[in-house]
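The sequence shown runs 978 to 1039 under the working numbering.
Simulated from the structure, these hints should not be mistaken for laboratory data. Among the hints, erroneous ones may be present.
Now the in silico label distances, taken between C-beta atoms and shown as ranges [to be verified]:
#1 Ser1038 with Ala1014: 28 to 34 Å
#2 Thr981 with Ser1003: 33 to 39 Å
#3 Gln991 with Asn1027: 17 to 23 Å
#4 Leu1015 with Gly1037: 27 to 33 Å
#5 Phe1034 with Ser998: 19 to 25 Å
#6 Leu990 with Ser1010: 15 to 21 Å
#7 Ser998 with Val1019: 15 to 21 Å
#8 Thr993 with Ala1014: 17 to 23 Å
#9 Asn1004 with Phe1034: 42 to 48 Å
#10 Thr1000 with Gly1035: 47 to 53 Å
#11 Ile1036 with Gly984: 17 to 23 Å
We put the CB at the ideal spot given by N, CA and C, even for glycine.
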Amino acid sequence: MLNTIFGSIEQILQETILQQSITMESNRATIISVSNALDAGVSVIVLSINGYISDNFGIGSA
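Based on the provided sequences and hints, a complete structural model is requested.
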């Protein structure tokens, strides 16, 4: 539950900072799309590592 709460707060802060830092309106959609793609890629990698650790060393280690 704490992971979800802190993850949601982090996501809100990240999106707010990203929206405020984009100065060119014509690039806004592209920048947000790239940011979301990078977030998804990192999630895939981290969750894959977590799955590997769970399978080989137990859920407690993960």
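These are the hints, each one checked on the structure:
| no. | hint | result |
| --- | --- | --- |
| 1 | Ser1038 with Ala1014: 28 to 34 Å | holds, 30 Å |
| 2 | Thr981 with Ser1003: 33 to 39 Å | holds, 35 Å |
| 3 | Gln991 with Asn1027: 17 to 23 Å | holds, 21 Å |
| 4 | Leu1015 with Gly1037: 27 to 33 Å | holds, 30 Å |
| 5 | Phe1034 with Ser998: 19 to 25 Å | violated, 40 Å |
| 6 | Leu990 with Ser1010: 15 to 21 Å | holds, 19 Å |
| 7 | Ser998 with Val1019: 15 to 21 Å | holds, 19 Å |
| 8 | Thr993 with Ala1014: 17 to 23 Å | holds, 19 Å |
| 9 | Asn1004 with Phe1034: 42 to 48 Å | holds, 44 Å |
| 10 | Thr1000 with Gly1035: 47 to 53 Å | holds, 48 Å |
| 11 | Ile1036 with Gly984: 17 to 23 Å | holds, 19 Å |
The structure is inconsistent with hint 5 alone, although it conforms to all the rest.
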